[in-house]
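Colleague: Sequences are here, hints too, so could you generate the full structure?
Number of protein chains: 4
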Amino acid sequence: MTKLWGGRFKKKTHPLVEKFTSSIVYDYKLAKYDVLGSIAHAKMLGKCKIILAKDSAKIVQGLKSILGQIEKGKFAFDKGVEDIHSNIQNILGKKIGKVAEKLHTARSRNDQVATDLRMYAKEEIKNQKSKIKNLQLALVNFAKKNIEVVIPGFTHLQHAQPVSLAHHLLAYVEMLERDKARLSDTYKRCDVLPLGSGALSGTSLPIDRNYLAKALGFAAVSANSIDAVSDRDFVLEILANVSILSMHLSRMAEDLILWMSPEFGLLELDDAFCTGSSLMPQKKNPDVLELVRANAGASYGNLISLLVTMKGLPLSYNRDMQLDKLPLFSSLEDLNGCLEVLSASIESAQINKNQALILSSDELLCATDLAEYLVKKGVAFKEAHNIMGKIVSYALGKQKFLSEIPLGQWKKFSACFEKDIYKLLDSETCVSAKKSSGGTSPQQVKKQLQNWKKRLR
Amino acid sequence: MTKLWGGRFKKKTHPLVEKFTSSIVYDYKLAKYDVLGSIAHAKMLGKCKIILAKDSAKIVQGLKSILGQIEKGKFAFDKGVEDIHSNIQNILGKKIGKVAEKLHTARSRNDQVATDLRMYAKEEIKNQKSKIKNLQLALVNFAKKNIEVVIPGFTHLQHAQPVSLAHHLLAYVEMLERDKARLSDTYKRCDVLPLGSGALSGTSLPIDRNYLAKALGFAAVSANSIDAVSDRDFVLEILANVSILSMHLSRMAEDLILWMSPEFGLLELDDAFCTGSSLMPQKKNPDVLELVRANAGASYGNLISLLVTMKGLPLSYNRDMQLDKLPLFSSLEDLNGCLEVLSASIESAQINKNQALILSSDELLCATDLAEYLVKKGVAFKEAHNIMGKIVSYALGKQKFLSEIPLGQWKKFSACFEKDIYKLLDSETCVSAKKSSGGTSPQQVKKQLQNWKKRLR
Amino acid sequence: MTKLWGGRFKKKTHPLVEKFTSSIVYDYKLAKYDVLGSIAHAKMLGKCKIILAKDSAKIVQGLKSILGQIEKGKFAFDKGVEDIHSNIQNILGKKIGKVAEKLHTARSRNDQVATDLRMYAKEEIKNQKSKIKNLQLALVNFAKKNIEVVIPGFTHLQHAQPVSLAHHLLAYVEMLERDKARLSDTYKRCDVLPLGSGALSGTSLPIDRNYLAKALGFAAVSANSIDAVSDRDFVLEILANVSILSMHLSRMAEDLILWMSPEFGLLELDDAFCTGSSLMPQKKNPDVLELVRANAGASYGNLISLLVTMKGLPLSYNRDMQLDKLPLFSSLEDLNGCLEVLSASIESAQINKNQALILSSDELLCATDLAEYLVKKGVAFKEAHNIMGKIVSYALGKQKFLSEIPLGQWKKFSACFEKDIYKLLDSETCVSAKKSSGGTSPQQVKKQLQNWKKRLR
Amino acid sequence: MTKLWGGRFKKKTHPLVEKFTSSIVYDYKLAKYDVLGSIAHAKMLGKCKIILAKDSAKIVQGLKSILGQIEKGKFAFDKGVEDIHSNIQNILGKKIGKVAEKLHTARSRNDQVATDLRMYAKEEIKNQKSKIKNLQLALVNFAKKNIEVVIPGFTHLQHAQPVSLAHHLLAYVEMLERDKARLSDTYKRCDVLPLGSGALSGTSLPIDRNYLAKALGFAAVSANSIDAVSDRDFVLEILANVSILSMHLSRMAEDLILWMSPEFGLLELDDAFCTGSSLMPQKKNPDVLELVRANAGASYGNLISLLVTMKGLPLSYNRDMQLDKLPLFSSLEDLNGCLEVLSASIESAQINKNQALILSSDELLCATDLAEYLVKKGVAFKEAHNIMGKIVSYALGKQKFLSEIPLGQWKKFSACFEKDIYKLLDSETCVSAKKSSGGTSPQQVKKQLQNWKKRLR
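In order, the protein sequence lines correspond to chains A, B, C and D. Residues in the first sequence are numbered from 1 upward in steps of one, following this note's numbering. Residues in the second sequence are numbered from 1 upward in steps of one, following this note's numbering. Residues in the third sequence are numbered from 1 upward in steps of one, following this note's numbering. Residues in the fourth sequence are numbered from 1 upward in steps of one, following this note's numbering.
It should be emphasised that the hints constitute simulated quantities derived from the structure, not laboratory data. Just to be clear, a hint being listed does not mean it is correct.
Pairs involving identical chains hold if they fit within one copy or between any two copies, as the list cannot separate such chains.
Within a straight-line C-alpha distance of at most 25 Å, the following computed BS3-like cross-link-like pairs (lysine-lysine) qualify [what the hints assert, rightly or not]:
| # | residue 1 | residue 2 |
| --- | --- | --- |
| 1 | K377 | K47 |
| 2 | K435 | K43 |
| 3 | K126 | K19 |
| 4 | K94 | K353 |
| 5 | K12 | K400 |
Modeller: Next comes the structure, spelled out in structure tokens:
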């Protein structure tokens with residue numbers, strides 16, 4: 001009694017086919033949701049008098065006992081049985097006997113697995129959102145601890161303008177907030193119950209789908225049975241969200257890896273978060289960050305994998321759709337690992353403040369402020385830009401710092417320059433001047449930090 | 001005066017570099033948004049007294065004249081000028097003289113292009129949603145015209161249970177509704193103004209970003225200038241949404257192509273929507289549907305393209321991000337074409353009702369209803385399934401239709417069978433019985449149709 | 001003694017990091033190659049007098065004992081130890097004591113793992129090529145068994161021209177032959193030994209890399225140590241080859257699924273190669289073929305995954321590259337399963353010859369031959385095409401078969417038509433006429449079959 | 001007379017369909033190959049007496065005149081005509097009258113376009129290989145100019161061991177050589193002629209395909225007509241090869257971008273190869289390199305695009321396959337641009353030799369050599385590694401350079417240390433010691449350079 005079908009077949013399934021079509025090695029992860037779904041289903045069958053009340057009660061009791069085993073990690077999956085649904089059905093049969101055969105009434109594995117997967121997705125979205133929040137908190141705390149640190153801001157990996165380190169870190173907090181928002185939007189679309197759609201057409205038995213939705217905590221029931229069993233949009237949305245999120249993490253990892261290079265020297269991770277080399281005794285490597293960066297590849301791959309699988313499939317359910325689970329499970333487990341280890345790594349990290357000072361003392365970082373100085377004196381920006389470009393060129397040619405150029409020389413480029421320009425050749429001054437909304441001035445950054453403090457509570 | 005930079009450079013840009021870095025061949029599509037953004041920006045500069053009121057007015061006037069040219073399709077792009085921003089700046093200079101040099105104050109191309117792209121994205125989302133709605137309407141109308149048609153429902157491309165054609169079509173309407181919902185969610189995240197973030201750090205000039213947001217119809221201003229210029233999430237979201245949508249369209253196309261094959265023979269497209277062969281005189285091919293199906297490839301490719309480009313980029317802006325535009329433009333234009341041509345194709349299509357009758361007369365489609373018949377008589381479903389499996393096997397072995405098997409023979413499989421089973425061997429009867437919520441019974445399908453009629457108004 | 005590094009670290013690795021960076025759960029698959037590589041390495045170290053001969057001998061002996069365990073499936077991997085290299089090093093230490101510490105001399109895990117992976121790749125390429133050949137043989141045998149069967153040839157899933165079933169099947173044999181050729185080309189690039197490149201720069205110890213290459217069966221040693229440890233081209237090539245191959249299999253699966261649909265009815269798979277439904281008792285589903293089709297998604301995903309991971313990595317080795325293994329292992333194992341199960345499925349399949357006759361009796365399939373008939377009489381092809389198009393249109397309008405149109409009517413379209421046209425309205429005749437090289441005539445197809453018989457010996 | 005089909009159609013094609021299915025906006029690039037193919041085809045038709053010799057001559061003459069126009073860039077494509085084949089057919093008709101209608105005999109657009117595309121592919125492979133060679137030469141020359149420069153070698157973007165800059169550059173030359181080898185392998189599979197396969201089944205007319213192959217410079221004719229029109233493997237191979245190549249270029253770009261950052265300060269690109277900022281006057285950005293890096297995204301996207309399009313297509317030709325051209329054209333044109341601009345950029349680049357000295361003076365780079373020093377004295381490597389790890393840890397704790405630690409202190413870690421260790425604390429010494437084959441010693445690197453000099457001649 002290992003299969004949920006077979007009456008019309010005259011031959012046993014070929015062993016190669018058994019192995020090739022089996023999904024139990026990964027769909028065992030749905031065990032909890034499968035049992036919960038079955039409990040609700042059995043109750044509904046009883047309530048709607050599709051099966052006898054006492055049969056319903058027996059089934060529910062048997063399933064609860066299985067649930068207990070699953071929760072204790074003591075459920076023994078039989079890898080010889082094709083999927084989690086058949087596994088549980090079999091064990092139920094062993095526990096409660098022939099009445100177990102009444103459970104799979106008015107239900108197909110098509111609507112059953114879609115239900116399991118949505119329950120899993122909903123729980124995982126909540127879990128991941130909480131992990132993202134932890135990472136945001138780690139970033140906010142790291143920003144607070146280093147509130148006064150100024151670093152060179154980069155565009156094109158060239159020195160652009162000085163920025164507050166906290167401001168840089170909060171850029172990631174913004175990205176992560178969008179990631180949570182995307183997951184919340186997806187959650188709404190997960191929160192629709194397919195159970196009761198049968199194989200594709202609904203059922204002739206008098207089921208109560210609203211009861212099921214309520215029992216299983218779904219906000220709504222699906223409106224079209226064909227769509228309900230054919231739809232994996234919610235999985236694709238999660239995979240897309242995780243891809244964008246993993247891209248954010250890859251950027252964060254890249255920044256941190258750069259900062260840890262001897263040439264930048266801005267960041268030190270704790271020994272406990274680095275690894276060494278089997279050949280080179282001096283090495284202390286940011287392997288964790290590299291694996292976080294690399295994980296973008298795996299998550300993009302999972303997204304493409306399911307998009308391709310779904311491409312061009314006729315309605316309704318096709319077995320191809322079994323390949324939705326591995327990408328989903330793999331992307332979410334990898335993400336979970338990345339978020340945890342990144343949060344802990346950042347909590348352990350130290351900024352090399354002295355090096356931050358050295359790097360941000362590059363006076364060219366202030367060239368834009370000097371152009372804006374000219375604008376305030378009435379020079380058209382384009383001209384101001386041109387003047388400053390020429391001064392930079394002059395300084396580079398003479399191998400001088402801007403502060404080493406005497407005022408008289410400045411005035412040759414523009415009569416508007418006065419003594420006060422020298423004060424502008426300072427990163428902290430430049431940072432302080434960026435008072436525009438969303439800018440990098442301490443005033444703005446503190447506002448952002450307070451805002452996050454509230455939002456991440 | 002063709003570049004927005006250059007003062008510090010001692011050599012002219014190499015022609016290979018000019019060509020390689022140029023984006024005007026595609027970013028000219030942003031012209032309208034670029035000018036609208038500049039008009040708001042110039043007004044704000046005047047209002048905030050960063051430039052003189054009269055200069056602001058002159059610039060605005062010049063830009064409005066350019067806008068007029070663009071809207072009339074008469075703006076002459078200069079392909080020798082690297083991008084749309086420089087193009088417009090140059091023309092403005094020619095129109096209004098030196099005062100044009102004041103426009104690009106307190107602004108970088110980094111925040112400017114992000115603003116342009118968001119304006120484009122917002123308008124396109126509205127456009128595509130309306131096109132999706134048209135396709136939904138075409139499907140709903142097609143469903144209504146063929147409300148009585150029953151076809152075999154398929155799982156695994158094998159006959160499963162009979163379904164209403166309208167029900168099948170409405171499955172696509174459901175998918176498309178989710179597509180619109182996803183675009184609406186993305187719209188919220190497009191609706192945040194980056195302008196005023198400068199190159200990456202904000203500005204030392206006293207700008208008013210809320211004024212800009214209001215003038216340009218944005219719901220909010222971005223909170224972090226580094227994030228604002230580094231963020232392309234909104235583009236990725238659109239590309240992911242279009243990928244899922246194009247997957248839906250590929251499935252619809254696949255169904256229709258199958259239905260048009262001589263073997264299915266269910267659907268006829270109008271001659272005006274088919275093409276022929278240069279060699280085979282009899283051919284009438286569904287090229288339109290094939291190209292719609294194929295388009296999934298292009299849209300997935302565009303999604304992957306930008307995901308890859310963004311992977312591992314350090315903050316903040318990097319030139320890599322210029323490669324966000326081609327995928328976005330291409331995915332949206334392709335989608336627009338697919339939606340238009342599919343809507344029109346479906347409006348022109350005819351169902352071969354006679355063939356629908358023939359195909360759905362396969363009595364095996366009713367096997368499940370007979371199992372549920374047994375369940376209503378108290379047989380456990382698993383046993384009922386097994387009984388019916390054996391009967392099917394018997395019928396196939398004898399090469400008989402189920403209706404050809406005498407009752408006595410049925411009773412050998414289960415004593416519960418009575419004369420009324422023969423009435424169940426009818427697709428329409430089976431369809432009518434699926435009264436469960438979301439099921440394929442006429443009653444449920446009419447409810448769905450009414451619901452869509454309201455929602456798509 | 002669980003790590004190959006650690007001297008400079010003052011803290012233990014954080015448990016989260018241990019778990020996150022561990023690769024033993026998948027790289028245990030390299031165990032055999034790792035030991036074989038180490039045996040050759042130890043011998044070389046002894047031969048070059050970098051370690052004592054007796055130490056070399058002891059190490060080799062220890063490793064051989066480990067190899068024996070691995071081959072018997074009795075090697076106990078310790079999941080607490082980060083990778084396969086450290087696992088084996090540890091066990092070796094337990095077996096032979098302190099002398100084991102001399103093995104990892106003049107070697108880094110960077111060149112070691114690259115070597116292991118290349119050895120694995122070489123063996124797997126041989127294995128897969130043999131599996132591909134089996135599938136080719138299954139197709140050739142199936143073709144031979146049904147040598148006389150004519151089916152409609154399709155373009156655009158519309159009837160195009162009649163073709164020999166064997167010719168259709170041999171199209172797949174051609175594709176598979178290219179797949180083998182690609183793998184052979186890739187093999188050449190796998191066959192280069194990185195061992196001896198150290199971490200990235202080579203070594204100051206007097207090693208003999210040619211000895212290693214010979215001992216391990218590599219055709220050459222790598223020429224540049226930095227490239228040697230940074231290169232994963234060979235993995236990407238395999239993943240690309242598998243992607244193209246899985247695309248071929250997806251097309252074959254699609255054809256077979258179509259042929260198995262009741263509407264086509266051309267193909268019957270054995271019960272042992274099909275599965276059923278938990279709800280619908282009559283179902284016999286081609287799940288195997290659907291999973292083969294779906295597998296294209298997984299293989300494309302794996303390809304993209306590693307392409308993304310490698311994108312933008314600076315030289316030389318980065319930990320990101322650890323994520324090369326899962327995609328490679330997964331793509332090759334999936335492929336292996338697909339090839340095996342497809343071969344066996346095809347061996348079990350039956351063509352419904354009667355249905356082939358019915359479907360290919362569509363006279364429109366012969367329209368092109370009639371146009372070519374006119375060409376032989378001197379009509380320009382374009383005109384001939386047009387004439388036949390009009391006749392088809394006429395026949396469809398009258399709802400007549402072409403053979404029902406009297407000669408007089410044909411002559412109204414072209415005076416060149418004579419009585420012999422009616423003989424051309426026959427699929428077998430049309431097939432026989434395609435005597436052009438590579439065409440579908442029995443003569444050509446038999447030539448192809450003979451050719452394959454020889455090549456696949 | 002704008003279409004190659006139409007006789008059986010009763011309605012004009014819908015304008016939306018005309019626009020949606022048109023490919024002339026991109027397939028005009030095949031014009032030259034299409035005409036060359038047609039010339040050979042017309043000659044063959046004459047030679048085989050399928051058309052009259054004088055008709056063949058007239059057609060060839062007309063086509064040659066068109067070829068002349070195309071080569072002079074004077075062929076006027078009509079965007080209202082669906083594809084390049086119809087365009088040329090139409091113009092031919094206008095030039096030579098009704099006899100043009102005989103050209104498209106024994107040919108379908110299916111085999112015609114496959115032939116055109118293979119001719120294009122073959123020419124492009126030759127072109128790209130020559131561009132790759134130019135880039136290799138630029139790297140080799142740059143290596144030669146800086147033959148004495150030592151830089152820190154990196155793993156995990158941490159200082160690993162000192163390497164020769166030339167050695168680092170030659171790693172890219174190795175990668176590019178594999179890229180050429182892959183393209184050469186693919187060339188063999190492009191070099192098979194599909195022409196003469198008709199729509200899918202061959203032809204009943206007595207064509208001579210070997211004549212065509214010879215005339216068009218193909219090494220062989222395709223063996224199976226169904227495969228010939230359904231196969232796009234050669235396009236996919238090119239796209240895969242370009243993806244791997246673009247990945248290599250992205251890594252090279254990343255290295256160069258890093259080296260150009262102020263923190264590394266190793267590389268200076270010429271002003272002519274950099275661009276500036278519209279806001280920040282001091283900026284000199286490596287936009288070219290960033291776009292090269294980003295291009296990996298576009299090329300991966302193109303690869304995935306076609307892989308997806310081909311997934312699950314039944315045999316034989318389907319219109320989906322029209323979407324093979326844009327990815328192919330786009331990947332090759334982008335690649336061409338990247339190769340050209342990278343070669344020129346590298347030719348213009350300067351190494352900051354002083355900075356190379358400073359960065360490679362990091363004594364920790366020599367830690368491995370000191371461990372190998374101990375090995376030479378008989379210490380087991382694992383112990384030597386551990387000893388050096390402890391010394392590094394000691395030095396870091398004391399904030400001392402290794403050279404500042406007195407010998408007495410060294411001896412506390414191992415009695416084997418002698419005075420000569422201080423000489424090893426020098427990058428050049430360490431580099432010189434890597435005499436192993438493929439290692440970074442000047443001796444090995446010069447051997448590599450000589451080798452390349454010969455191979456790239």
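Colleague: For each hint, tell me whether it holds in the structure or not.
Modeller: Okay, the hints, checked on the actual structure:
For the homomeric pair K377 and K47, the shortest alpha-carbon distance between copies (17 Å) is at most 25 Å, but the shortest distance inside one copy (82 Å) is not. In this assembly of identical chains, K435 and K43 lie within 25 Å of each other by CA distance solely across copies; the values are 20 Å between and 62 Å within a copy. Proximity of K126 to K19 under the C-alpha cut-off of 25 Å is restricted to the inter-copy arrangement: shortest distance 23 Å between copies versus 34 Å within a copy. With identical chains, the CA atoms of K94 and K353 are never at most 25 Å apart, being 66 Å at best within one copy and 46 Å at best between copies.
Within a single copy, K12 and K400 get their C-alpha atoms only as close as 85 Å, which misses the 25 Å cut-off; across copies the closest is 24 Å, which meets it.
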